[in-house]
Amino acid sequence: MNGGKNMHELSLMESVVKQLRASAAENDIKKITRVLLVVGKMTMAVPDALQFAFEVLQKEDELIKDAVLEIREEPVRCECKDCGHLYEAPNYEFLCPSCSGPNVKIVGGRELYIDFYEGD
Amino acid sequence: MVKVRLATPVLQENNEVARENRERFRKHGIFVLNLMSSPGSGKTSTLERTIGHLAGRLRMGVIEGDIYTTKDAERIEAHGVPVVQINTAGSCHLDARMIRPALEDFDLDALDLLIVENVGNLVCPAEFDLGEDARAAVLSVTEGNDKPMKYPLVFRQSEAVLINKVDLLPYTDCDISQLEKDLKLINPELQLFRVSARLDEGFGPWIEWLQKKVQEKKRGEPQAG
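Going down the list, the sequences are from chains P and X.
So for the first sequence, the numbering used here puts the first residue at -12; every next one is plus one.
So for the second sequence, the numbering used here puts the first residue at 3; every next one is plus one.
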């Protein structure tokens, strides 16, 4: 039924296109030219695979056929709830590097949303 | 040219269905565990041992996520536990929408604990909320030490990790204390359980943890989502 869905980026991208379609209809947009997607480094979505999935979906969709997909990656950012230290954690350092406390909250890197799109 | 700002999460639709599922579980007082691992870690064997230990103590149900086959569901069914199979037909994970119809096949009032065995995969299932109360991961010592650092999300979001196949430790290069240290680095609050599903060893603390979680849910105590 959906044999091509063995890549979760494709199902994520299908949700993206669904949101674009709904919003374009609301705003009377017939052609989307540019989409900015924000993807945190700690979502398990790989930008290249998202880009590829978008290209696959583009082929069968007039609305996005000529659209350019841009992806902005967001780093993993943490905040220590004990000492307030804010830091980036590219290697998933979830113990506070300042006070060594374990009470760390992830405040960035889990994003996965369409920031904006442009069209006519 | 028009520019439209959206900022709606891509997974919003899934998250809404997950919320509905969660509300349904709350009404019935069922503790729901989303069990994740890579293929071949011994997830189904671990689940079979868990069922054996809980027999007569808790009323349990299982949802089996599998890409194509019903092999795992058949193994679970042999233990006399109600089981519903979800075939994802190629998809690498379960999502909240797949769980909803599966619930129709259970008598929810007759369950204390529902374990959802996700598709064997450490990457994608971590991204999809099913409406569970807690997540647990199975990680076997034969998979190598680097799994936690390679797939941090699944371990960050789990409350417990079963480290399986500890009986094989002498035959591997796995440094189990380093493995546990890495897991704690990713998630300091993780509960770690060393088990061998093959020999049925080490399950006591895990069973106690599950029972405690079920009791808390019954009393209506807040659970981490």
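Heads up, some of the hints might be wrong.
Here are the in silico distance ranges between beta carbons for each label pair [what the hints assert, rightly or not]:
{"no.": "1", "chain 1": "X", "residue 1": "ALA91", "chain 2": "P", "residue 2": "LEU44", "range": "36 to 44 Å"}
{"no.": "2", "chain 1": "P", "residue 1": "GLU42", "chain 2": "X", "residue 2": "GLU203", "range": "45 to 53 Å"}
{"no.": "3", "chain 1": "X", "residue 1": "GLU25", "chain 2": "P", "residue 2": "ASN90", "range": "55 to 63 Å"}
{"no.": "4", "chain 1": "X", "residue 1": "GLU79", "chain 2": "P", "residue 2": "LYS18", "range": "46 to 54 Å"}
Computed list of lysine-lysine pairs in PhoX-like fashion (alpha-carbon distance at most 25 Å, straight line) [claimed, not checked]:
{"no.": "5", "chain 1": "X", "residue 1": "LYS183", "chain 2": "P", "residue 2": "LYS46"}
{"no.": "6", "chain 1": "X", "residue 1": "LYS73", "chain 2": "P", "residue 2": "LYS28"}
{"no.": "7", "chain 1": "P", "residue 1": "LYS46", "chain 2": "P", "residue 2": "LYS68"}
{"no.": "8", "chain 1": "X", "residue 1": "LYS214", "chain 2": "P", "residue 2": "LYS28"}
{"no.": "9", "chain 1": "P", "residue 1": "LYS5", "chain 2": "X", "residue 2": "LYS152"}
{"no.": "10", "chain 1": "X", "residue 1": "LYS183", "chain 2": "P", "residue 2": "LYS52"}
{"no.": "11", "chain 1": "P", "residue 1": "LYS68", "chain 2": "P", "residue 2": "LYS52"}
{"no.": "12", "chain 1": "P", "residue 1": "LYS92", "chain 2": "X", "residue 2": "LYS73"}
{"no.": "13", "chain 1": "X", "residue 1": "LYS152", "chain 2": "P", "residue 2": "LYS18"}
{"no.": "14", "chain 1": "P", "residue 1": "LYS92", "chain 2": "X", "residue 2": "LYS29"}
{"no.": "15", "chain 1": "P", "residue 1": "LYS68", "chain 2": "X", "residue 2": "LYS183"}
{"no.": "16", "chain 1": "P", "residue 1": "LYS17", "chain 2": "X", "residue 2": "LYS5"}
{"no.": "17", "chain 1": "P", "residue 1": "LYS92", "chain 2": "X", "residue 2": "LYS183"}
{"no.": "18", "chain 1": "P", "residue 1": "LYS28", "chain 2": "X", "residue 2": "LYS183"}
Don't read these hints as lab results, they were simulated from the structure.
Since we're looking at a predicted model, the values are computed, not measured.
Note that CB positions come from ideal geometry on N, CA and C, so glycine has one too.
Here is what the structure says about each hint:
no., hint, result
1, ALA91/X / LEU44/P: 36 to 44 Å, "19 Å, violated"
2, GLU42/P / GLU203/X: 45 to 53 Å, "50 Å, holds"
3, GLU25/X / ASN90/P: 55 to 63 Å, "29 Å, violated"
4, GLU79/X / LYS18/P: 46 to 54 Å, "52 Å, holds"
5, LYS183/X / LYS46/P, "47 Å, violated"
6, LYS73/X / LYS28/P, "35 Å, violated"
7, LYS46/P / LYS68/P, "47 Å, violated"
8, LYS214/X / LYS28/P, "34 Å, violated"
9, LYS5/P / LYS152/X, "31 Å, violated"
10, LYS183/X / LYS52/P, "48 Å, violated"
11, LYS68/P / LYS52/P, "46 Å, violated"
12, LYS92/P / LYS73/X, "40 Å, violated"
13, LYS152/X / LYS18/P, "39 Å, violated"
14, LYS92/P / LYS29/X, "30 Å, violated"
15, LYS68/P / LYS183/X, "22 Å, holds"
16, LYS17/P / LYS5/X, "13 Å, holds"
17, LYS92/P / LYS183/X, "19 Å, holds"
18, LYS28/P / LYS183/X, "23 Å, holds"
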